[in-house]
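*Asks:* Protein chains in written order, with the working numbering: chain W, 8 to 288; chain Z, 680 to 1137.
Hints in this document: simulated from the structure, not taken from any laboratory.
Hints may be right or wrong, so weigh each one.
As the list claims (entries may be wrong) - Pulled a few chain Z residues facing chain W out of the computed Cβ check, cut under 7 Å:
1) 941
2) 943
3) 945
4) 986
5) 1020
Even glycine gets a Cβ: it sits at the ideal position worked out from N, Cα and C.
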Amino acid sequence: MYKIIKKETVAPQVVAIEVDAPYIARHHQAGNFVVLRINERGERIPLTIADSDAKKGTITLLFQKIGKTTEALGKLNAGKAIRDIAGPLGHATPIKKYGHCVLVGGGIGAATLFPILKALKTEKNKVTTILGAREQKLIVWEDRFKEYSDEVLVTTDDGSSGRKGLVTEALKEIIESSKVKIVIAVGPIRMMQAVSELTRPYGVKTIVSLNPVMVEGTGMCGACRVNIAGKTKFACVEGPEFDAHEVDFEELVNRLGFYREEEAEAMKAFKKKKCKGHCKK
Amino acid sequence: MRARDPKIRNKDFKEVSLGLTEKQAVKEASRCLQCKKPKCVEGCPVEIDIPGFISALRDSDFSGALHVIRKYNMLPAICGRVCPQENQCQGRCILGRKKTPISIGALERFSADYAVKKGNTEKTPKKKPNGHKVAVIGSGPAGLTVAADLARLGYDITIFEALHKPGGVLVYGIPEFRLPKKIIAREIEYVKSLGVKIKLNWVVGRTQTVDELFEEGFKAVFIGVGAGSPRYMSIPGENLNNVYFAAEFLTRVNLMKAEQFPKYDTPVKKAKKVAVIGGGNVAMDAARTALRLGAKKVYIVYRRTENEMPTRLEELEHAKEEGIICKFLSNPKEIIGDDKGYVKAMICDEMKLCEPDESGRRRPECSGKEFTLDVDQVIMAVGQASNPILVKSIKGLKLWGGGYIKIDEDGSSNIPGIFAGGDIATGAATVISAMGAGKRAARAIHTYISSLKKVRKR
Ligand SMILES: Cc1cc2nc3c(=O)[nH]c(=O)nc-3n(C[C@H](O)[C@H](O)[C@H](O)COP(=O)(O)OP(=O)(O)OC[C@H]3O[C@@H](n4cnc5c(N)ncnc54)[C@H](O)[C@@H]3O)c2cc1C
Ligand SMILES: Cc1cc2nc3c(=O)[nH]c(=O)nc-3n(C[C@H](O)[C@H](O)[C@H](O)COP(=O)(O)OP(=O)(O)OC[C@H]3O[C@@H](n4cnc5c(N)ncnc54)[C@H](O)[C@@H]3O)c2cc1C
Ligand code: SF4
Ligand code: SF4
Ligand code: FES
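If we strip away everything but chain W, and leave its shape as in the complex, we get (with noise of 0.2 Å):
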């Protein structure tokens, strides 16, 4: 058992949890991420580690509520434990001194680019993060990315807060505009492949990371799997991360949706339970 030692809600249907995970915590690297399952009935879901603090023992995540497993994370208060939790995986981000790095976050996606975000400033890189929101309200961690941040770029779909506009367009002035040696972008899919359609005519470097469905997360079952450059990839061994210029997007798109209707027939099911109770466990 895994027990939630704090739970924030940092944006609508956005939640923030630390989690009492010592071994995973002090092997974390920035870009793992760890599997969980809640309860003995439960999927196992990958989510990104957000955070980590080793001395502390915990690891913080960072999801946003959008199906019947993330709904029922968020609704276990601190105190409460989660069953499983298997981790660190995937690759680490590749960290070195690369000169001035551009961070794009799509999203809550912006989250889980925050321990790249420190490991590049420990390199002492120049970073510029870039934080994209439907509105001000869903911009999550602009505090933290402040603080070690170069740079700090917001831009709304509405205005509502930054720039009003898409990040492509102010990805778009910086690179013009100096010398972008890598461009680390997270976030919905669409606008992964944005970025990377942007960064492409101008050689730039840029890694984005993939979600696709997964089952165990160690490299065992396939569900995973991506193409990248025409090769089969297993994401959960070979990334999440890939360099964008040769991610198949679309076949990432198709796959994605392979579950939908199961997926709102979980939720419908989830919803109409009456709590007898079992959620708080």
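Once you have looked at the hints, place chain Z with the ligands on chain W.
*Replies:* What follows is chain Z with the ligands alone, placed relative to chain W:
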């Protein structure tokens, strides 16, 4: 052996084989010639004293029979069910030359099940704790065997398992209708009763490294992480929706209980017409699982013929009885999708057999003809490869064949204190060979740690 009606059993997940009755078991045991030089024993990878336990059965001494078996085999209820007996013990039985060989697997299974039915849980003699810690990575048959053997010798054993449930392929791969989960749970309880600790969700190499285990005071490490990484064919259409690798399909159902969705949260896609590619146990299990999920037509697509199939004979027979259709000499070359990216058909080459290859099996070759199978789901069961997570995390570990651990006869790797066995050392093999490897490694670890003590005393 008695089996449930194929038309009923192919709709549920309850065990197919019913096992022998007391009377049948005694009668079958009485047929044994009690050979002086028993050929059957040579065919068993752990060299069970087969005439010995059969003789006890003949005298209706059922617990005596189990006692003999347990000396050699920790998991008789499992091996009796899943060993490819026709190539092992039974395949060598002298009676098989003229008539029917003794059903050794069925007798072994009977002995193990009988004890449980009667509530006889035996107490295994255990030596005094010797204070030496040994780490076992992976809780499949290899790991469980090493753990039990060393625990009995007094070692302090911790098993580290990546998944949330112990048992390896026995829990996530082999379906309930062939090997009920409660049998595995029972065997694992037995291992725990010897004082063995099991840490779940522990991906060694990631959660903790092997070096750190040594630093924590473990004197030796046994690696039994299996060959759990699916191979694929790299044919067009392989990543369409409704193309599963057998490992995923079976894991969803066996480990995550997807057949009970939405009671359990993990879904699995039920299809109407399913093609399963491959000819081994994994292919049979996937095909029969698809049938039980409600498929109307299930094909086994195999590029050689029935004679070359590596599956257990019993599984093939059961599969056919249940209505699985075999397409031999057929090699898939492309999976066709509809405009939404879902499987709608599969194109196969018709094959013919040529001279035997290095494996001794006749090599299939394209005949130049092809055909199209109308299916809405494809499941690939074309073999396993080594999983890189752990082996790559150990610096200097000698490997062979792209990721399997190179070991000596006794299970030692090139690094002192690191031992290995089972599928991660041999490539995908069998439950009983993994156990045999576990037994040898346990002996070697005992010798190794004893020698460490001597060195220190000097
Ligand atoms: C490496 C990785 C890291 C991730 N990190 C985060 C994170 O830090 N925060 C966060 O909010 N989300 C993250 N995700 C996505 C997260 O796993 C899904 O939101 C979650 O599984 C949804 O489950 P659900 O039952 O709540 O929703 P569902 O209704 O089951 O699914 C909603 C959508 O989530 C995706 N999904 C469903 N099941 C899985 C699964 N088993 N594995 C992966 N995706 C699935 C599908 O696209 C689906 O359409 C990550 C995904 C991956 C692969
Ligand atoms: C579907 C299927 C059907 C089969 N049918 C038969 C049959 O009928 N008869 C037969 O004899 N054989 C059968 N086999 C083969 C047999 O199951 C295997 O040969 C046997 O299980 C190998 O045992 P093992 O102990 O080496 O590894 P496994 O059983 O593979 O167990 C390895 C364990 O190690 C864990 N692990 C992996 N990496 C790590 C890590 N880094 N840290 C911690 N733990 C880790 C895994 O999660 C797993 O639980 C079948 C296999 C499959 C897949
Ligand atoms: S363990 Fe397997 S091979 Fe050995 S006697 Fe039993 S069934 Fe036969
Ligand atoms: S070879 Fe056959 S007949 Fe002889 S001892 Fe073995 S089981 Fe009995
Ligand atoms: S999730 Fe199973 S191989 Fe990646």
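*Asks:* For each hint, tell me whether it holds in the structure or not.
*Replies:* Hints and how they fare:
1. 941: holds, 5 Å
2. 943: holds, 5 Å
3. 945: holds, 5 Å
4. 986: violated, 29 Å
5. 1020: Result: holds, 4 Å to nearest chain W Cβ.
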